[in-house]
Amino acid sequence: MIHALKMFYTTVGRKMIMALTGLFLVTFLIEHLYGNLLLYKLDGGVAFNEYSEFLVSSLFIRVVEIALFAGFLIHIIDGIYLTLYNRRARKIRYEVEHVSGLGTWFSRNMGLTGAVIFFFLVVHLKSFFVPYRIFHTDTSLAYEVASAFRSNWYAALYVVSMVILGSHLNHGFQSAFHSLGFNNIKYMKPMKTLGTLFALIMMIGFASFPIMFYFDIFGVGTDILGH
Amino acid sequence: MNTLNSKIPDGSIENKWTRYKSTVRLVNPSNKRRIEVLVIGSGLAGASAAASLAELGYNVKCFCFQDSPRRAHSIAAQGGINAAKNYSNDGDSVYRLFYDTVKGGDFRSREANVYRLAEVSANIIDQCVAQGVPFAREYGGLLDNRSFGGVQVSRTFYARGQTGQQLLLGAYSALSRQIAKGQVKMYNRHEMQELVIVDGKASGIITRNLVTGELERFSGHSVVLATGGYGNVFYLSTNAMGSNTTAIWKAYRKGAFFANPCYTQIHPTCIPVSGDYQSKLTLMSESLRNDGRVWVPKAQHDKRKPREIPDQERDYYLERKYPAYGNLVPRDVASRAAKQVCDEGRGVGPSGLAVYLDFRDAIQRLGRHVISERYGNLFEMYEKITGEDPYQTPMRIYPAVHYTMGGLWVDYNLMTTIPGLYALGECNFSDHGANRLGASALMQGLADGYFIIPYTIGAYLADDIRVQVTPTDHPAFQEAENSVRGRIDKLMNVKGSQPVEELHKKLGKILWEYCGMARNEQGLNKALAEIKLLKEEFWKEVKIPGGTNEFNPELDKAGRVADFIELGELMVLDALHRKESCGCHFREESQTAEGEAKRDDNTFSYVAAWEFKGDGSEPALNKEALEFEVVHLAQRSYK
Amino acid sequence: MSETINLKLKVWRQKNTSAKGRFEIYDMPGVSTHMSFLEMMDVLNDKLIRGGQEPVAFDHDCREGICGMCSMFINGRAHGPLRGTTACQLHMRHFQDGETITIEPWRANAFPVIRDLVVDRSAFDKIIQAGGFVSVNTGNAPDANSIPVEKHKAEESFDAAACIGCGACVASCKNSSAMLFLSAKVSQLALLPQGDPERKVRVLKMVQAHDEAGFGSCTNIGACEAKCPKNISIAHIARLNKEYLRASLARD
Ligand SMILES: Cc1cc2nc3c(=O)[nH]c(=O)nc-3n(C[C@H](O)[C@H](O)[C@H](O)COP(=O)(O)OP(=O)(O)OC[C@H]3O[C@@H](n4cnc5c(N)ncnc54)[C@H](O)[C@@H]3O)c2cc1C
Ligand code: HEM
Ligand code: SF4
Ligand code: FES
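Order-wise, the sequence lines are chains R, D and L.
Numbers 1 to 227, taken from our numbering, label the letters of the first sequence in order.
Numbers 1 to 639, taken from our numbering, label the letters of the second sequence in order.
Numbers 1 to 252, taken from our numbering, label the letters of the third sequence in order.
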């Protein structure tokens with residue numbers, strides 16, 4: 001066991017940590033998106049609230065939640081570590097450097113997009129997770145969400161962050177498989193396409209909420225808020 | 001005047017090597033640990049020797065002037081490596097490979113050595129495959145072969161157009177393994193500048209650390225030179241820029257005989273020169289002649305585009321003159337034929353010094369993908385350099401200096417005339433006679449390094465077990481180091497007005513003009529006089545910037561060129577004395593009615609081994625008579 | 001196209017590893033477009049020497065794209081603007097009249113500058129020494145055809161083996177990672193039956209040597225692949241990762 005853990009000390013191992021935690025976070029994203037989609041049921045937010053309450057009360061979810069936080073923590077710490085480590089591997093920089101065409105913008109800016117996601121997470125947790133989960137406020141979570149998205153700055157922040165998340169995933173999703181060795185010459189292109197597709201689904205999926213609620217499309221907002 | 005003992009073992013030619021191996025004196029494993037061997041060079045010959053000797057338990061120090069052993073000039077070999085495996089079932093055998101090589105060399109090589117080379121050739125392929133060399137394979141998973149110039153069987157193993165690279169990386173990996181074990185100590189960016197002799201035996205070397213400029217002393221029980229060919233004496237050649245003669249030249253000046261210096265191979269398929277700034281020539285592998293057809297227009301000065309010239313107005317001159325071998329005649333024959341048609345005013349391209357190598361028919365017959373699989377990287381290389389696409393328009397090619405058959409004289413053990421000093425690979429003279437066949441230099445380098453030196457060096461070292469290596473404060477080391485330092489200072493103090501390259505170019509022009517594809521007495525005499533003048537000019541005019549104790553590539557080059565100039569003189573002398581034509585050495589005075597090389601076996605069936613007699617005196621000629629017990633001497637014919 | 005062009009060169013000059021470097025600017029009028037990039041550098045050096053200045057030091061040997069010695073960062077790109085091309089194979093016809101060309105050495109802590117454009121790449125040798133070989137002594141080999149190798153595997157193995165060890169991958173990588181170089185060797189041997197017995201130790205040791213040399217960690221960007229003169233694919237890095245995972249999880 002100790003022996004197997006040693007593998008994570010190397011540059012290759014460190015990267016596998018990124019991939020493993022990244023993919024774990026991806027499964028969370030999928031689950032999260034599913035939950036959020038309940039907001040579109042036009043049932044006054046009932047299904048969504050029931051679902052949220054289930055999450056709060058289930059012991060199993062409690063355990064998963066810890067894992068999730070650990071996952072984020074490890075992903076973030078390792079991400080910061082690697083970004084700095086890699087920067088330090090070249091003390092003297094180039095005078096002229098043309099990077100266009102040498103890998104994508106997305107792949108070169110994982111640290112940056114990750115940092116934005118982190119910033120977003122803090123805001124996001126502060127507005128929904130902390131009051132609801134820690135202080136157990138009695139209000140309907142669906143109501144909170146719907147009203148938050150009426151705010152200009154909040155909706156805008158949310159949309160921008162989801163674009164950034166899409167960027168992170170556009171490289172991250174396929175990269176994770178690559179890092180774990182599940183890739184070869186034949187799959188390279190399809191994997192990239194799949195990664196982009198996945199990133200787009202996540203981006204559009206999540207970004208749809210602020211947009212739908214802000215503009216009250218199909219009356220999703222009115223349905224929950226009553227106005 | 002046969003002063004040379006080539007130490008050929010007794011017995012029939014098939015049994016010599018086997019008998020030798022089972023009777024040669026051995027060094028016992030515990031004693032090997034006490035023995036130091038210095039290997040100069042990390043090309044195919046050097047790397048394979050260093051690795052194999054280390055595997056046996058010797059302590060090896062290995063040197064190269066590049067930044068890594070992986071970059072030796074062997075890396076550039078393209079076409080392939082011969083071996084008598086008969087995997088193609090086309091009747092190949094050790095004897096046939098032996099015979100082809102002796103014949104290809106125009107009967108100027110030593111039978112026993114060549115036979116041994118053919119014998120071990122098969123082991124080389126086994127060894128390389130086991131190392132993970134990715135040779136080309138058939139769909140069934142077995143090794144693929146192709147044919148090369150001068151032979152009628154398919155015995156050439158290849159790895160796309162990068163065979164030398166793959167073989168060298170194989171040897172490099174074996175070497176790396178020994179470096180990791182501490183059995184070989186590798187010295188990169190170190191250039192051997194002098195040989196140290198103690199009590200008549202090779203006992204060490206002086207090197208210059210090319211990064212710091214420091215002179216360093218290394219002592220060993222034996223010194224193995226594997227420093228490659230000296231084709232760069234012509235300035236323009238297909239050799240890597242750093243290839244040089246310095247190591248073997250120092251050995252020559254210390255008493256090792258230099259054999260057949262004038263035998264230089266001019267390769268028929270190179271990209272033509274495009275301007276004065278040209279720094280080197282690029283070879284297009286001979287393997288291209290398997291599928292490409294060589295032609296020039298029938299008319300003189302025909303300026304039409306190649307595709308506009310209809311078939312009946314083209315002269316496929318190799319197919320016409322040599323129907324049996326066609327485009328696959330040996331290199332010397334193909335080169336001279338190209339020179340001939342260009343001299344007739346039928347050459348193509350802006351300079352008129354080129355012929356076409358055309359793939360149109362092969363592409364029609366086999367399809368573009370087959371051609372691209374076989375030669376893809378060569379075609380790309382051609383396009384990069386010339387900006388023309390050989391799938392669309394024929395390549396333009398012209399002969400260029402490529403390989404030097406001459407080198408230090410060695411006996412059957414690969415030992416030079418200095419006891420304890422060995423020469424392997426291209427830097428010795430041993431196996432190719434007056435002309436080397438394609439794909440046999442790689443074979444020779446690896447045969448020498450993997451399979452021959454590990455046996456033969458034991459015969460010498462067996463005596464040395466009790467002797468400690470010479471301490472490096474021995475006066476001989478001091479003296480050698482002083483002479484190196486003296487020369488470097490002398491070079492730096494010339495402070496003339498001409499950069500080294502310019503003087504090197506002048507030397508190249510003289511040699512190419514008078515000692516190149518065709519030679520005659522008058523021209524050679526002229527060359528001799530011009531080189532003498534150039535030598536004076538060099539020592540008055542050379543301009544070397546920078547300092548001695550630092551990274552100074554101009555100083556490195558200057559030392560090499562100074563040696564090249566001296567070597568050039570010896571080459572001309574050798575060419576002058578050999579009044580016959582043989583293989584690559586074409587004396588215009590000695591040709592058949594059809595203009596082919598005409599040997600004079602009665603007078604010149606010997607190896608010319610030159611002995612240094614001091615600066616300013618003529619070197620002495622020693623002869624090793626060549627006796628042909630197996631092969632019948634015959635005028636070569638490829639018709 | 002015009003046969004000659006006028007250029008300005010902005011070249012990194014540095015006396016030795018510990019010295020401080022700086023850029024120098026040189027005028028290069030009348031450069032023939034048929035020249036190779038290194039021949040253009042020769043012309044520059046010829047001028048410098050005649051003018052009593054020190055020539056620009058740069059590594060080179062074969063000048064045909066196979067030895068891996070040449071190493072220049074030209075106008076912000078390793079080996080210059082073209083794909084699949086070393087600096088020595090780059091010809092001046094790819095540059096514009098009046099252009100300023102910036103020439104820098106490879107930049108990575110693991111590749112310290114020795115002088116001007118010359119860097120020390122011995123870290124690559126160390127990686128190979130750690131395990132980039134098959135442990136077979138001379139004379140131990142079975143007949144070459146005794147083990148057939150699937151053609152497509154032999155081909156893919158060759159694709160990886162084509163690496164010339166130039167270091168452009170490291171130079172182009174944002175992370176100064178040598179993963180492409182390392183993976184090329186691991187992949188070459190992993191694809192062949194001859195490499196099989198040592199595949200576990202090999203990958204572990206080679207990765208360790210890579211890290212000890214101070215190269216960064218790969219983040220699958222692909223700049224290496226885009227600038228590799230031998231077009232080595234980052235798919236080999238995926239194979240390396242798989243080998244690494246397998247080796248790490250193995251029981252022994
Ligand atoms: C373009 C080209 C293509 C070729 N294609 C083929 C082919 O297809 N088939 C074939 O059989 N042959 C081919 N050849 C010939 C073949 O490549 C060479 O003959 C062979 O590789 C020479 O190997 P070597 O080990 O003797 O020397 P090299 O590979 O030249 O190695 C010389 C070594 O000595 C070192 N060295 C030299 N001088 C010193 C010094 N003073 N101090 C310290 N170290 C020194 C160098 O650093 C280097 O490591 C080709 C040659 C060329 C030029
Ligand atoms: C929902 C949140 C997130 C998800 C789903 C996610 C997903 C991923 C994935 C799949 C990878 C690819 C791993 C690989 O290349 O092997 C990755 C890499 C990375 N992530 Fe995240 N991530 C998230 C949040 C973050 C955060 C908050 C940060 C930062 C502070 C961050 C920083 C990074 C970095 C630096 C990399 C490394 C780049 C790389 O190795 O290619 N990520 N992420
Ligand atoms: S992988 Fe490509 S870029 Fe990297 S060293 Fe090898 S050949 Fe050069
Ligand atoms: S000089 Fe050999 S690859 Fe460029």
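Wrong hints could be hidden among the right ones.
[Stated by the list, open to error] When the alpha-carbon atoms are kept at most 25 Å apart in a straight line, the in silico BS3-like pairs for lysine-lysine are as follows:
#1 D:Lys506 with L:Lys8
#2 D:Lys201 with D:Lys613
#3 D:Lys495 with L:Lys15
#4 D:Lys535 with L:Lys47
#5 L:Lys10 with R:Lys91
#6 R:Lys192 with L:Lys200
#7 D:Lys181 with L:Lys200
#8 R:Lys186 with L:Lys47
[What the hints assert, rightly or not] Derived list of chain L stretches under chain D, where covered just means 3 residues or more per stretch with a C-beta under 8 Å from a C-beta of chain D:
#9 20-29
#10 44-52
#11 121-129
#12 191-198
#13 212-224
#14 242-249
Since the hints were made in silico from the structure, they are not lab data.
Note that the Cβ used here is the ideal one computed from N, Cα and C, for glycine as well.
Hint check results:
For a cut-off of 25 Å, the pair hint linking Lys506 (chain D) to Lys8 (chain L) is broken: about 30 Å separates their Cα positions. For the hint linking Lys201 (chain D) to Lys613 (chain D), the alpha-carbon distance of about 18 Å falls within 25 Å, and the restraint holds. Of the pairs offered as hints, the one joining Lys495 (chain D) and Lys15 (chain L) holds, with about 21 Å between alpha carbons and a cut-off of 25 Å not exceeded. Distance hint between Lys535 (chain D) and Lys47 (chain L) is fulfilled; the C-alpha atoms sit about 23 Å from each other, no more than 25 Å.
Distance hint between Lys10 (chain L) and Lys91 (chain R) is fulfilled; the C-alpha atoms sit about 21 Å from each other, no more than 25 Å. For the given pair, Lys192 (chain R) sits about 29 Å from Lys200 (chain L) by alpha-carbon distance, which is inconsistent with the 25 Å threshold. A hinted pair counts as satisfied when its Cα atoms are at most 25 Å apart, and Lys181 (chain D) with Lys200 (chain L) qualifies at roughly 19 Å. Taking the CA atoms of Lys186 (chain R) and Lys47 (chain L), the gap is about 51 Å. The hint is violated against a cut of 25 Å.
Residues of the stretch 20-29 of chain L lying with their CB closer than 8 Å to a CB of chain D number 0, which falls below the three-residue condition for coverage. Counting residues of the stretch 44-52 of chain L whose beta carbon lies closer than 8 Å to any beta carbon of chain D gives 6, which reaches the threshold of three, so the coverage claim holds. Restraint check on the stretch 121-129 of chain L versus chain D: 6 residues with Cβ-Cβ distances below 8 Å, three needed, restraint holds. Note: the stretch 191-198 of chain L has 3 residues with beta-carbon separation from chain D under 8 Å; the three-residue rule is met and the coverage holds.
Against chain D, the stretch 212-224 of chain L contributes 0 residues with a C-beta closer than 8 Å to a partner C-beta. That does not satisfy the three-residue criterion, and the hint is violated. Coverage of a stretch by a chain is defined here by at least three residues with a beta carbon nearer than 8 Å to that chain's beta carbons; for the stretch 242-249 of chain L and chain D the count is 0, and the condition is violated.
Comparing the model with each numbered hint stated earlier shows that hints 1, 6, 8, 9, 13, 14 do not hold.
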